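Taking the hints into account, I'd like the entire structure generated from these sequences.
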Amino acid sequence: MNALGVSHINPQQFVKAVAKALSRYISTAKQPLNVLLSVQKPQIALRKSFLSQVFCSEILDQYPDIKTLKVLHAKIFIDQYLCCDPSLGIKLMRAYAACGEPGIARHIFDEITDKNVVFFNVMIRSYMNNRFYRDALLVYKTMSSHGVDADNYTYPCVLKACSGSDYLWVGLQIHGAVVKVGLDLNLFVGNGLVSMYGKCGQLVEARGVLDGMAVRDVVSWNSMVAGYAQNGRFDGALEVCREMEGLNLKPDAGTMASLFPAVSNASSDNVLYMKSMFMKLAKRSLVSWNVMIAVYVNNSMPTEAVDLYLQMEKEGIEPDAVSISSILPACGDISALLIGRKIHEYADKKKLRPNLLLENALIDMYAKCGCLEDAREVFDQMRIRDVVSWTSMISAYGITGQGHEAVALFSAMQRSGSKPDSIAFVSVLSACSHGGLLDEGRYFFDLMSKYGVAPRIEHFACMVDLLGRAGLVDEAYHFIKQMTIEPNERVWGALLGACQVYSNRNIGLIAADHLFQLAPEQSGYYVLLSNIYAKAGRWRDVATVRSIMKSRGLKKAPGVSNFELQGHIHTFLAGDQSHPQSKKIYQELDVLVGKMKELGYVPETDSALHDVEEEDKEYHLAVHSEKLAIVFALLNTESGTPIRITKNLRICRDCHIAAKLISKIAVREIIVRDTHRFHHFQDGVCSCGDYW
DNA sequence: GTAGGGTTAG
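Going left to right, the first sequence walks through residues 1 to 692 as this note's numbering numbers them.
FYI, nobody ran anything at the bench for these hints, they're computed from the structure. Remember, it's a predicted structure, so these values are computed and weren't measured experimentally. There's no promise every hint is true.
What the hints assert, rightly or not - Here are the simulated lysine to any residue pairs, SDA-like style, with alpha carbons at most 25 angstroms apart:
1) LYS115 / PHE55
2) LYS350 / LEU286
3) LYS180 / SER144
4) LYS314 / GLU345
5) LYS597 / ARG538
6) LYS583 / LYS595
7) LYS419 / LEU447
8) LYS141 / PHE77
9) LYS450 / SER416
10) LYS342 / LEU286
11) LYS350 / ASP65
12) LYS664 / GLU598
Here you go:
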């Protein structure tokens, strides 16, 4: 505990603490201070002062880290001239706020006896920037009792505090006050009003303010764009963009950032629109790159995201913590381990850690690349962990089938004081199900209520999977019947899977009927469905399912596998012949299939029909993407190197058998991550135990 | 001596 950080301190204690901090600081011989002191020597002689006002100002304007700041503060505090310089007080407050210490800024603020409006503005901003919205508004409220009037700097800031805390009613009062003093004509204040109304969901009001403004600039329009985007109205937001372009106002990085909240699951047209906006930007700031990357990441375009990130580096733009936290999930998605590692090194080199979001993203990236040790190392190094960190690590163990580790970590999380939330329970339940930990799974499901977490459909689906996997098909069905919410296709799908494995036709038919009703064209279970109906002799249903497959099943996402070779991602589609090495790959595959047959491999003619996910029907006869990727990897890596493949769908039965045999024939570890879990093939065996 | 819009994870 540093005495300088405590708010109510008496001067004597403070000076003592200052002396201590100073000596400690000087003994560690930090360079900035040494430089600072040597530069200051002549001035010391002149003014009997450690530091000149100008020099302190300069340092403070650069927002020093908290340690330097406290030392500087101490020096200013004990200096008879500097300590009563109001401008240094302002800068100190600002710098503390930037370090996330508005409380210390408040301490300085309270010491000032004769506060003018600037002090209030800086104090309000300090709170606001640290999300202490209530405190910001409380300071605003005290202004009048000090005889100080809010000005054009105050209002934008308090308006932002209103929208941050959803205090629309305070915002309305402030709007009234603004109009009263005529500041609604001010550009900054007007923009603040548009933004406040927009964020509070009052789009009509926002538009009214915008239309009534005497002067508008690009920020005014961006505030309006943000209003629509924050309320999920992407089309409305784009319309405002077009309107502003019509007025010859060019969208800027702020426009892109404003659009961002609405771009998850954007249509491909809208992604293209964002891209063209990005390309047309006069100045591509770091934020605009970050937003464009995030657009790709949030719209399942990880390859584009990674390419853009690499291009950004090439153009000499230095990625920051935001860029990295955004791009890492994409690296994980396509198992771009080498790129991910390089980014990790870069983050360390740039001293971007500790940073909670970035470190969480690192864990996730390593986990998705199947590098549990690396994920764990990052996790262990973290100074602060939140529930996301724990959850990422738990699911990392879960998807590799290490259920016991996941369970142990969950307990550790409980002990650490992090409160598990809904997603944390999903991760531990799914870990139990992948690891076959029946009793533990039941325990955690019951535990949810003790944490006030209401089971959602994902939790139910995990439980059905867990019970079904353990062979308790009847109990799983019973469990579904007792569900408090309507089961969806994932739940019925899990049951159907269990029925297949444990040959339970009666319940299988029930599950199939439900799946059929729940839009079979979406579920991807239609093949299982048709097989089950066929076995039961329900030919009419078979015909219906087939016709649905024929009419709609064709335009689903094609199966794609990725393999990273020397920092480049090679992508294979089912039946792909576009790869430069295509000919060689197919030849080698033929050789392998020959050897596999010697080991008893029989290619199932309708093997593709066993796809649990929606593999394109047109590709059914073609070679699946994971086989191509595996063979490519075999051809291009040295023997002994593990092969890591990522697939965007679940692996099919035929490819699963093939991968097992190839791992034996070629004496290679093959690690395939599908949408469900990791399959670790070694010496003819898979870590999933052939049930997935 | 102080400004407005907007971007990061399970």
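**Message:** Check the hint pairing LYS419 with LEU447 against an upper bound of 25 angstroms on the C-alpha distance.
**Reply:** holds (12 angstroms)
**Item:** Hint consistency between LYS350 and ASP65 [alpha-carbon to alpha-carbon, up to 25 angstroms]
**Value:** holds (15 angstroms)
**Message:** Just to be careful, I want the Cα atoms of LYS450 and SER416 compared with a cutoff of 25 angstroms; is the pair within it?
**Reply:** holds (17 angstroms)
**Asked** Taken at face value, is the distance from the CA of SER144 to the CA of LYS180 at most 25 angstroms?
**Response** Holds, at roughly 15 angstroms.
**Message:** Check whether the Cα positions of LYS583 and LYS595 lie no farther apart than 25 angstroms.
**Reply:** holds (19 angstroms)
**Message:** Need the status of pair LYS115, PHE55: alpha-carbon distance at most 25 angstroms?
**Reply:** holds (24 angstroms)
**Asked** Straight-line Cα separation of LYS314 and GLU345 no greater than 25 angstroms?
**Response** Holds - the C-alpha atoms of GLU345 and LYS314 are around 17 angstroms apart, at most 25 angstroms.
**Asked** Is LYS141 close enough to PHE77, meaning Cα to Cα at most 25 angstroms?
**Response** violated (29 angstroms)
**Request:** With a cut-off of 25 angstroms on the C-alpha distance, tell me whether LYS597 and ARG538 pass.
**Result:** violated (35 angstroms)
**Prompt:** When you check the alpha-carbon spacing of LYS350 and LEU286, does it fall within 25 angstroms?
**Reply:** holds (16 angstroms)
**Request:** Mind checking the alpha carbons of LYS342 and LEU286 for me, to see if they're no more than 25 angstroms apart?
**Result:** Measuring from Cα to Cα gives roughly 19 angstroms; hence the hint holds.
**Request:** Below or equal to 25 angstroms on CA atoms is what counts here, so check LYS664 against GLU598.
**Result:** The hint holds at about 12 angstroms.
In terms of the numbered hints stated before, the structure departs from hints 5 and 8, listed from lowest to highest.
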